[in-house]
Every structure is written in C-alpha cells, then in structure tokens.
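Work the whole structure out from these sequences, hints included.
First to last, the sequence lines map onto chains A, B, C and D.
The opening position of the first sequence corresponds to residue 1 in my numbering, with each subsequent residue numbered one higher.
The opening position of the second sequence corresponds to residue 430 in my numbering, with each subsequent residue numbered one higher.
The opening position of the third sequence corresponds to residue 859 in my numbering, with each subsequent residue numbered one higher.
The opening position of the fourth sequence corresponds to residue 1288 in my numbering, with each subsequent residue numbered one higher.
No lab work stands behind these hints: they were computed from the structure.
Watch out, some of these pointers could steer you wrong.
[Claimed, not checked] With a straight-line cut-off of 25 Å between C-alpha atoms, the simulated DMTMM-like cross-links for lysine to aspartate or glutamate are:
1) C:Lys1172 to D:Asp1310
2) A:Lys9 to B:Glu749
3) B:Lys582 to B:Glu517
4) C:Lys1196 to C:Glu1281
5) D:Lys1601 to C:Glu866
There are 4 protein chains.
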Amino acid sequence: MYRQLREEKVFKDPVHNYVHVQDEIIWSLINTSEFQRLRRIRQLGTSYLTFHGAEHSRFSHSLGVYEITRRIISQFERANYADWPREEGMVALCAALLHDLGHGPFSHSVEQAFQMHHEDWTCRILLGDTEVRSVLRRMGDDFPDKVAGVIRKDYKQPIVVNLVSSPLDADRMDYLLRDAYFTGVNYGTIDMDRILRMLRPYKGRIVVKDSGMHAVEDYLMSRYQMYWQIYFHPVTRSSEIILRQIFKRAKELYEQGHHFKFLPEPLPSLFNRTMTVQDYLQLDEALVQTAFMQWRKETDELLGELCSRFIDRKLYKYVEMDSLDIETIEEIRAAFNKAGLNPEYDLEIDFPTDLPYDVFRPDGEGREKQILLLDRQERLREISEVSDIVRSISGLQRGKFHLYFPDDKVRIIIDELPHEIAEIFVEQH
Amino acid sequence: MYRQLREEKVFKDPVHNYVHVQDEIIWSLINTSEFQRLRRIRQLGTSYLTFHGAEHSRFSHSLGVYEITRRIISQFERANYADWPREEGMVALCAALLHDLGHGPFSHSVEQAFQMHHEDWTCRILLGDTEVRSVLRRMGDDFPDKVAGVIRKDYKQPIVVNLVSSPLDADRMDYLLRDAYFTGVNYGTIDMDRILRMLRPYKGRIVVKDSGMHAVEDYLMSRYQMYWQIYFHPVTRSSEIILRQIFKRAKELYEQGHHFKFLPEPLPSLFNRTMTVQDYLQLDEALVQTAFMQWRKETDELLGELCSRFIDRKLYKYVEMDSLDIETIEEIRAAFNKAGLNPEYDLEIDFPTDLPYDVFRPDGEGREKQILLLDRQERLREISEVSDIVRSISGLQRGKFHLYFPDDKVRIIIDELPHEIAEIFVEQH
Amino acid sequence: MYRQLREEKVFKDPVHNYVHVQDEIIWSLINTSEFQRLRRIRQLGTSYLTFHGAEHSRFSHSLGVYEITRRIISQFERANYADWPREEGMVALCAALLHDLGHGPFSHSVEQAFQMHHEDWTCRILLGDTEVRSVLRRMGDDFPDKVAGVIRKDYKQPIVVNLVSSPLDADRMDYLLRDAYFTGVNYGTIDMDRILRMLRPYKGRIVVKDSGMHAVEDYLMSRYQMYWQIYFHPVTRSSEIILRQIFKRAKELYEQGHHFKFLPEPLPSLFNRTMTVQDYLQLDEALVQTAFMQWRKETDELLGELCSRFIDRKLYKYVEMDSLDIETIEEIRAAFNKAGLNPEYDLEIDFPTDLPYDVFRPDGEGREKQILLLDRQERLREISEVSDIVRSISGLQRGKFHLYFPDDKVRIIIDELPHEIAEIFVEQH
Amino acid sequence: MYRQLREEKVFKDPVHNYVHVQDEIIWSLINTSEFQRLRRIRQLGTSYLTFHGAEHSRFSHSLGVYEITRRIISQFERANYADWPREEGMVALCAALLHDLGHGPFSHSVEQAFQMHHEDWTCRILLGDTEVRSVLRRMGDDFPDKVAGVIRKDYKQPIVVNLVSSPLDADRMDYLLRDAYFTGVNYGTIDMDRILRMLRPYKGRIVVKDSGMHAVEDYLMSRYQMYWQIYFHPVTRSSEIILRQIFKRAKELYEQGHHFKFLPEPLPSLFNRTMTVQDYLQLDEALVQTAFMQWRKETDELLGELCSRFIDRKLYKYVEMDSLDIETIEEIRAAFNKAGLNPEYDLEIDFPTDLPYDVFRPDGEGREKQILLLDRQERLREISEVSDIVRSISGLQRGKFHLYFPDDKVRIIIDELPHEIAEIFVEQH
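Now the structure itself:
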C-alpha cells in the first residue's frame, strides 16, 4: 500500500544539494540493513588509492540515481506527457534506488575472481528473505518481481527499463557527476539540468529533444574523459590487479587445504561457492581489508607479500606499449621464469578496452544502446547521424597495452634478463 | 640529508585542486605504511552516518594541512619576512603532514573508552621503530624529536608550534573546507587565499594583518556553524554513543573473561592495555567494523544488539531539553530500572559543549589561543577588541541537554513509566 | 486572460542555473521595452569600480527575483498549504519580476541628487501609458493596479506583500547570491534551497519552520558581511560621492543658465523636474556615462574635473575616523577655504549606516520586518529570541566616519593647513 | 626604471580569485585612462542580449590575461628553465595586460563596418601620445616599441610572442573560463592549473609536456563547445547584424549629407575616417548605445527602426539551412524587392565559420598555430598526431547557413512571396 510521508525528508548531498524522499516506501527501503550495507562498499573500488578523495560509497551513488530519476519522473508528470505511464513511477524509483544492491566489495575484481554478477545478486536480494523484499511487498505481492524485472531488463514496460538503464540514464549521470566531484577533476561537469529538461518519453523509450544535442555531446565527451582519466587510470588498474591476485592466491590456498589463521564467515562460503543471500550480505570492504591485514601474517609468503602491497600501497609499476604480440609475452614469461620470478603473479598484461565499463559506441549494439534525438517533425535520429563530434568519437578504439610488474623484484634480476626484454622494463625511468 | 625531487609531484585534491610535493622527504613520508594507514581512518568518524558524503579519510586531510602549510611558508619566503626562521621550514612541513598520525579508528569514541590520546601516539610513532622515523632521520638524528617537539608544543622555536597549532592554523582551515566540501554544506567556504595573504610571522608567532579582519570574522562564523551543524549533529552524537557503548560492553566482557569468537590481534592488547606501537598501527576502521559485524553473533545479547544498531544504523533517538538536573536524571534512571531497562546502556545524557572540539573563546585561555591583528603602527590587538562580531559571539555558550535512548525499547515500556517521565520521551513525536 | 506557454522557455543564469518562464504574460513582460531597459542599469551602481566583476544588470537581478518567487510559490502549491491564496500567484510573480522597473541610472546617487524614489517610478510605469501596463491588462483591467499595490505595500492580501518584500524575501536572496557571484567574494553562499524548503505561508505572512533557524542565521551573517564588505566599501562610496557631486554641479550650472554643449533629452527635464514617464524611460547609464564623457569639455572647470575623476577612476581618497564632531568639521572646512579649496566639493563626510540599505535590526521596526519561526506547536517566535547568534548581531551599530577628499589637491596645500588638521589627511600614508 | 611595489596589490576576481600586482609599472598601467576605458567595452559585445550574465568588460579580461601570464612566468622562474629568457618577463606581462587596449565598442561589428583592426589601434595607443606610453617609457625609451612588437608578432624574441599569442595562450584560457563563468554555462571548466604546470619554454616557443595531453584535449573540446554554443549563437549573430546595419545606414546617411540631430565627437571622425588616437579613445559602448537611443528620433525611418530593434531587443529572426546557393539568394532578394522589402537590410545571410574567431585547426596553418607536445626523449609532436580525439575534431567544418530577417515585416508580405520562397520563412514555426 502506497503512502506519502507526512513531511518530505531530505538527505544533504554534495552533488544534487538535496535528495528528496517523499514516499514512505522509499524511506523504508533506505533504512533496510541491505541498503545500509552499501555504505560499506566504495563506489569506485580501489580508485581511492589513485585519487584520495574517491572514498564515496555506493550508498551515496544509489541515493543520487534515485534523486535524478525522481526529477525526471516529476518533470514527465508536470508536463503530462502522453507516453509516460504514470502508474509505473514507483517501480522506476525503486529500481533506480536499488539497482546496485547486489554489488559486493571491490566488485569488479571480486566478480572476475569468483565469476559472479552483481545484477544476479541484486535480484536475489530483491526476491530473497530480506528486509528489502518485505518492504517492497507492501506495494503488492508481485512488486518485488516487477522491480527485479527492471533490473533484469525484461520488465513488461520497456520505457521503465530504458529510463533506468540506457546510455543516458540516471545511473551514468550520477556517477559522472559524483566521481568527478569526489576525485576533484572537472571533466564531469555536465549540464544535467539541461539534459533532464530535454528528455521525452516517446513510444516506449526515453529520447532527447534535438535542441539538447550539444548538452548530450558534452555529456559524451565527459564520459570519454572520465573513462580514460579516472576509470582506466593505470595506478587504479595496478591496484585492481593486486586485488585479483590476492583472491586468486587465497582461493588456490583454500583449495589446497591451507589452514587460514583468519577466515571468518562468510569467506569460506565465498571460496567454496556456497554463498547464500545471507552470506553475501555479510561481505563488505571492511571485511576484505581486515582479511588482507591479517593475511600478512599467514605462512604463505606470496599471499603475505601481495596483501602488504595492497595495504601499504606498494603497487606494481607499469610500462605502456603501443603493441604487444603473444610471442613477446611468452618470451618475457620465459625470461622471468628463468630469472626466478613467477610470471603467474609477477607479470600482468592489461589492455583497458576490455574492461567491464562501456564507452559509448552507437554502432556496436542494438537500438536500446543508442541515444535518439527527436525533432519538431517527430522524426527520430541517432545522435551520431546529426552530431559531427559524436560521429568523430564514436569509432575511437583507444587503448594501449600495459605491462604490470613488481618493480622491486624485477630490478634485482634485471641483469639476468635478455637485453631486449630488460629494455622494456627499464624504459620507464 | 635534504633533497628536492627532480620533478614536483602532485596529488589531485578536490579542496586545494593540487597538493604539491617538492621534497624527497615529504614524498617518502607519504609512502610509509604508517602514513598510508591514515587512508583507513575517516576524518569525521561516524559523521558519514548523518552526512553520507563524509567518507573522507585523515589521509586527505593530512595532505591538505601539509599543502596549506607549504603555501604559507612559501609566501613567507617570497616576502622575505625577517621574523620567519627559514631553516625551520622542513620541520614545520613534516609536523603539518604528520600531526594526525596517531589517530586511531573513530578516535574520539575510542579515546574516551580507553583513555588514550592521539597526540601521544603520534609522538610514539614518530620516535618508535617505524618507517616514518627512519625517513625523518635522513634529515639528522635529532630530526624526529624536533618534529615530535612541534606536536608536543615544546619545540624551541615557538613560531613553528604556533604555525602548526593555533586558532587559525592550517589544520583548522583544511578541516573546515574539507568537511564542508564532503558533507556538501556551504558553511565552510572561507576565503583561505585572503587569510593566507594576511598572515605575518611576528615576534615568535603568526599574526594577521588588520586588513584581514573581515576574512577572519567570516572564518570564525564558519567554524561556529560547522561545529553546531556538523560536528555536534545529534545523529552523529547518537552514533558515537552507540560506538562507545560497544567498546564499553566488549571491555566488560573481556574483563569478565568472556570467550570472544572473534578477537584478532591487536584487539586483545587494546582491551588489556598492553598496546605497542606495532599493535596500534594495526588498528583501523576496517577492523573495528569487521569486529562489529562478527560480534553480532556473540552470545552476549547486549553486545550483539549494540553492534547491529551501529551496522544497520538503528541509532538511539534523542530528545532535547533546555535544562536537566541531577535529580531528574536519577528519577529517569530509577524508572527505567523499574521498567526493566538498563539505564547504563539505555540512557545517555549528552551536553555537546564538553566535547573534545574547541569552539573559539578568546578570553578562555592563554595568548597562544588568541588571534592577534597587526596594524600599520605594528600594534597587536586581540581580534575581539576590534571586531564587534567576534566580540558578540565569543562568549556564546550555546548547548542543550540531549537524552539518547533506544526508542523501540522505550516505546514498549512507556506505559510503565511515571507520567512526567513518559512525557519526556513522547514529546518528540 | 491567462495562458501558459506551449513550451516552457528558459534563460541561462549563472546564479540559478536556469530561469524558467511558463506563462505567456511573464514572457511578454520580459520583452517589453521598459523591462529591456533594465539591461542598461547596473545592479550595483558604481561598485564595478571597486569589484570589476560587478557589471551585472538589474535585468538579471529581476529575472532572479522572479525565479526565486516562482520556486517558492510552486512549492507552496505542491504542498497545498492552506494559508496560501493560490489565485494570487500571478500577481506575486509579476510584482517580483517588475519590482525594480523604476530604477534609474546609478539609482541611489541620482535619487539623492534629485529627490526621487524608484518605487514611485515603478508604479508610474506600471500605471502609465507603457507596454508593461498593456501586457498586465490582459489579466484584467485592475491587474496593473494590483501589481502596483504590492509594490506600494498596500495590496489587500498582505501575504503577497510579505512574500515580495520582507527581511527574507526573494529580492534579498537573489541580490546576496548574485552580487557575491559577480564580485567573486564568497560571503553570499547562502543555502537558498534549504531556506526555500523551510518557508511556510501562515496567517497572512511568510514564516520559517524553526528547523530552518541555522540556515537563516547563516543568511543574516552573509547579509552582514555583504553590506560591510561590498555595499559599504569605501572605494564604492567614494565613486558615489563623485557621482553625486557631478549631478549637484550640473544642476547648479543648469539653474544658473549655463549653456551646455551636450544636454540631449531627457536631461533637461531631469534638471527642471518635469520628467514624464516617457522621459524617465530614456534615462539609462549609457546616457549618464556619455554625458560625463562629453562634459569633460564643458567650460566649467569643476564639472570637467569631476567628470574626468569618474571616467578615469581618479576617485577621492579617504581617511577613517572613530569619531568626528561638528566643530572639527567646521574647522576643516574653514581651513580648506582659507587654503583655497572648496569645501562644498573638496570635502565629504560619510557615515555609512545612514545609507538606503537596511541591515537587519529586529527591534528597530514593526513586525513585518521581523523573521518569525514557526515550531511544531504552531508557536511563532521572532528569530532573535531563539538564536544567540542573531541576538548577538542584531544590536550591532558598526560604522565609522569617513572623510573623502581629492588627495592630489590636498597634498598641494597641506602645508598651509593647521598642523592638527593636516595630520588627519596625512595619517593614511 | 623597474620597481616592485612595497606591498603586493590585489584585485578580487571571480575567475582567478585574486589578480596579484607586484610591479609598480603594472599598477600604473592599470590606472591610465586608456586602460580604464576598457571598463566601458564589453568582452563579448552583444552576447549579453543572449546570455544576460555576459556583461563583463575587457577590463576584467585584460587583468585575467595578465594574471595567467604572471603565473606562467613565475613558474618558469621557479623551475629555472634554461630556455626562458628571464629578462623578458616585464615585456611579456605588459603585452599580456595591454593586448586588447585597441578594442573599440562592439569591436567585431564596428571593425567590419569601418574596416579597422583593433591590433593596429593597440599599437597606435602604445606608441602615441598617451598615458600608457609614458608609463612604459619608465622602463626605457624603446620599451613601448618592444611591447608593440609583441602585439605585432615581430618581436625579436619569438618565445615572448608565442607566450602571448598561441593556440594555448593566456588570452584564450582566460576568455574560455571567464565567458563560461559570466554566461553561466559549464563548458569552459578547463583544468587551467594543470595546463599551466605542463607548459615548458623550449627552443623559442612554449610547448606542453606530453603527460598534459588530456588536459589539452579537454581544453580544445571546451573551445569547440564555447564557439558553437556561445560565440556563434544565432541570437547573438542576429544582434551583431542589426548593429552592423545601423552603422552601415548611419554612414550612408552621413555620406549623403544627412543632418544628424545627435552626432557628438568623435562620431564624425569615425564616419569620415579621420580618427586620431585621441578621438578613438573617446569611443566606448556607452556612446554607441546613447547614439542609438537618440537616433530613434532621427528623421530617417530605417535608421530609427534599426536602432529601436537593437535597444528594445526586437532582433531579426532566423532560419537555418543545410545549404544555400547563390541563385536561391538572388531569388529571395528579388522576391523581397517585389514585395516591397529592402533586401539590403531585410535579409542577411550568415555562415558562421567565416567569423573573426579562430576554431583550432592544426593543419590549416603554420607551426606557430600548433600545439606541440614534448616527451621525455625531448621529441616534439603536434598534438593531433598523438591524440585521437584532437585528430577527430581537427578537420570538423561544421556550420550552416542562417538567413536573418525581420519576422514582423516578412509576415505581412508572406503571401506575396512565391510559394517555395515563402516556405523557407515559415519553416521555423
């Protein structure tokens, strides 16, 4: 049963000034333990090791996504747009608020190490025996599943899915603005107010009035810069690599029957893949960091070293290479092996375009990934047809190979490496 | 031995735009494990439970204090002020950078629970067997002790002590700006550039050119507002109370010989007061949060409940009272007792002026706590002599009693309380 | 007849981001020649000679006041407050937009020189044969008079008067924010969003919910600082003095029958006090500045000198005096006279508290000048009863005497002045 | 003779916070009547008719350019770069401060109407009988000519010319930031601090350290957006067209011997091309606006109408066309003629790429217009070689035809136009 709060509640937010909560359901959702857990998951994972301001949590981001969605919907309602299904407002707001509920600690690294997907966990939490689900059910027995449908992108009303997840959605707008604010860079200063005013519900999706084209151009440029300056920053990548290696090593040890001095719940269930929703909800970044602190004292030297690297920020160094073929990689690995290094851990190759972030590429995929402009004649055009600047960046396939390695260790054996290999690792100085 | 970096290094900072590092010593200090630990200590303790943006760490704040100090000194040097002892620059910079090194997790609450002082720990780290000390010793064997002297406020050059710790120091300027930025309030927008330009080294202390009076007025008003809006916010106070109660309960249990399922190093040494510097450096907020997560499963119900409250943010409610006498308190305690509540834990009285934060009060203390204005005739005057606005706020003794209590529990027994007691706890609704 | 615009129009505004126009009447009013004239009147008169960014016009300020009023009303309507008379919205919006319509060039100085009042002119324009009036009449024959009633403060609905003109009105909020933005100072950063959310229509006036007290405190401190830092800045005062002297001299010459080489319409009607509304509407700052440029070539040396001073920014210097009695003034005047200076023009005494700006003083005047807080028990309390900080500043009667004089001229005759007089003018160096 | 000021002076600036003046020469230059005149010339001409905040003057911009140059030089000096000729600092600072001295009112339009060039006037003022010249001569008899040499780009030290005028110079950085600030758009938020830190004097020119590439990319994108969003805004173009037509008509009338009721000095000398430096210095925007106000009453109807349009902002409407050939233009002109309109004034064709603003195009011109990146191996590379994003925008030749016309007049005769012509002018509705 839907109820408005007697009096609107607000959260002070540095990005949107105030986040306004008007519905009792939203207020209750925010106060569930599952949503509060997002306070203990950083929005940008290990980026705080590169940009010390980037300590902000998924809790703030989720509130921000909710707030932007609220503003969009309230504008749709004020303008009385025919194509907006008014009764779907609450589903959209809940999905916006809860879309990141399933994120675990340092998501990207952990997901890679344990082959999990945060969207799945979001749905499991929405539909499991949780406080969130029982709050959602106040709106009707099928309401949790409706919200999960939006997350799964199979909800019957495609416009709601499109509102919550599209190349110009509240999620992306909030993270650009928020990540720029907390890192302190100024790439993310998009004119959100203008974009919001230009959005139109139109035949089952959200499109942009064509006079908003320049604001969208600017938004896409911001995204581009944020990806290459912040999200793909090599120092951040280096810390993610260490993180992944720690998990890889810990899992190996666990599978080898190593007796951990420190392995509180729910870590065992993570390692042996028996996690329940209740287990998962106990995972947070405090636990992961504490494990790393304690694992420095484990008998396994490699695990200890990796944990120290992460905790004390003694990350791997990197060299950038314009190109890199498989043979060269094999040669390096062989040379490392010969010199007593362990190429499984002492060498990582990274090519940042294959990361789980999506740089906008209009031709790459289906229409739901496109930004469409609506003109006065009610014609729809994909933005890169109209905008030179979008067209010019939309094919860009930047990206270079980065080799990551423990500088301290490599320096010791550098003379034992073949000259042409050694050169690669010296170039940086 | 002092060396400049071949090339200046910078940290991107949302508050000061860039933090500039020019000296090899500063760079090395930042990279010690003791300084990196500050990344795991929040600047504002539990304030993030009130202002979700306030996740920033003491690491960023320490860099900020260093940066402001660097700018002040570089200006003193450019202007060639006779009263500034140029050779003390590096001591001042190191003390500025390291002044918070001894802060533990949720400092204020933990310090109260275990009677510790973070300044002492800062000195112990500076002088103990640490990376920081060995970096400092590159400047000379007595250099660590010089820096510790500035922290202890007994350094031979009082102007250095005054620069690092005074009512208008880099520490205060950074935290006002930074805490305002991350919480998102706009009280903290002081005109730092103007204040910096007005500072003058003068006869062993830092004074302010009198034409800077208005900027100082504005700074003091910002401080005033920040204390009452942010630092003394009742919701934050409530979370600090829970925190203190958790530690109090855990210590009680420990002393009673309770067998903790989860009590990794260095927690035992915290409880039995045998902490070494090495133990202390393992304390961080990740560990404390993880302990709270795990303690929810301890057999002691009270500890579990308190931990759940903190983790799930089910804090104590509060009522504000203009006055409160000891008899009333005793009556409430008795009534609580009678109704089956535990007044030791279910009732806390707080009067926010006796907190370890200093609101500026010029007449309260010695001259080193005063802000002095220097006029063209080289006369020094204490600012409240000259400024109406400072005079008018300097005696203000705001503050009200707050009663904190578990609303859920009290509501159950409310009818068992004497009417006039019950009324106190109902008033809020 | 009221009509909404088919599509909302916006103005890009640096202070409010966007100014939204939704009504056809507002749009038409903005496009009248009388409103466009406000583009040629600076918001802060001669302040641009002190703060070079302060070039902004009354046009922008008027749009800003309209926008804030629009937001307040739209919030009143959303919340459905019983005490807000919905049908008065358009009167309030028009009065907000047009409240400064009668401002002339460099208003304060010109008003003093020619004893005019801009509120009168606003009403004359609203009710005269003007485009504005004919637009307003689309809403009904008595609509122009309704709007004028709000300006005259005798409109039948006191809440509308109170909304448009009170110590916490849209006018003041806009000018604090706007003047701070364009001068570049940071005193004016009030939390407008929070204040707006706290406003309540209540029994014929606008009051503030008591939980907004701190935001109001901060607003009053901002006002205080803006008045003393910006509006009363001695350099700005100096330029206003020159301006007033130019008009005084030109009027004297006109009255003496001097033949001006340059005196286009409507200047003669200004001098002989026969201005019609049509004349008045031709007055703008471009004309005044052009007159000053041309008058430098008039045969009257004094007028020429004063105009050059204004144009080339060779303003009068000033000395500040804690006290000044009439006898001293007379002595200075006599000494000036004796030394060949003209005390009518070469000496001006200024005591900035008697300026046509109102610093908030709650006890000074009637209840309509008070800020009232509304608590949960629907009690109204004047803010200084509740707030220590407001009480502490509300009696402040700062202000010092300033003597303004042409430094170049005084320096020449300084040795001819009696020693104790000469000293006054030397002190500054 | 060079002297430092006893005490640094500052200007409060919204863009750079403070502008610092340390040299007596700079202080004196700012106080000359020629420099003060820049207060009466708007930085963005008629843009204030589109963006109401854009009232800022060339005075503020000139201070800003000076300040950025001062920061660059002071950094070059601190870092002791071998390729920076220290003794040229003062020439560079003066040239930076004075580079816009020759701008007249609404420069671009007036320059087009009267075939003048502001750079010429800058040099004439520097070298003529002016206060500026006499201040500059304090540095040596040939100093004015040195400064003029930098403006003329033939100064013996090319690095000084390059510092003051290049695709990444202080002029461009200031106007992007300043115009963005005053219009209120957020395209101009470039990371100036980072760019400044990356600049290097190198073999007679200023280059950029290659790690600054992304900041430069962002700067170029900002420029791109500012040109198309602000500088080429069709409403601004429309007002410039009216302005040009007014001058064109007035000149025609003057040449036909029309007796102007209002034509004060120095307007006649403007019309008959006999302007001296002294005449030119009397030209400002106040005079131009006053002339327009007065000319509304001239007997020539066309002049009156155009002036009213400008003053009351009844600008020409426009239609955008993807392409336009000469024949179509001729047909429109003929049709207008036939319908009684005057195509000389009632029709203007505009193609914004041929405006006197330079969008960055690396291949278009010589090396001095290129931005060069310097890598660790001291290789220089033109930025578009390295940056995909710069390469992708560098060839962009956006731009569409715009037809400007008096909508009110065209609407009256629209039925008399051939159908396919009429359609062009109707399309907009």
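Going down the list of hints, with the structure as the test:
no., hint, result
1, C:Lys1172 to D:Asp1310, "holds, 20 Å"
2, A:Lys9 to B:Glu749, "holds, 20 Å"
3, B:Lys582 to B:Glu517, "holds, 15 Å"
4, C:Lys1196 to C:Glu1281, "holds, 17 Å"
5, D:Lys1601 to C:Glu866, "holds, 20 Å"
When the structure is compared with the earlier hints, no violation turns up for any of them.
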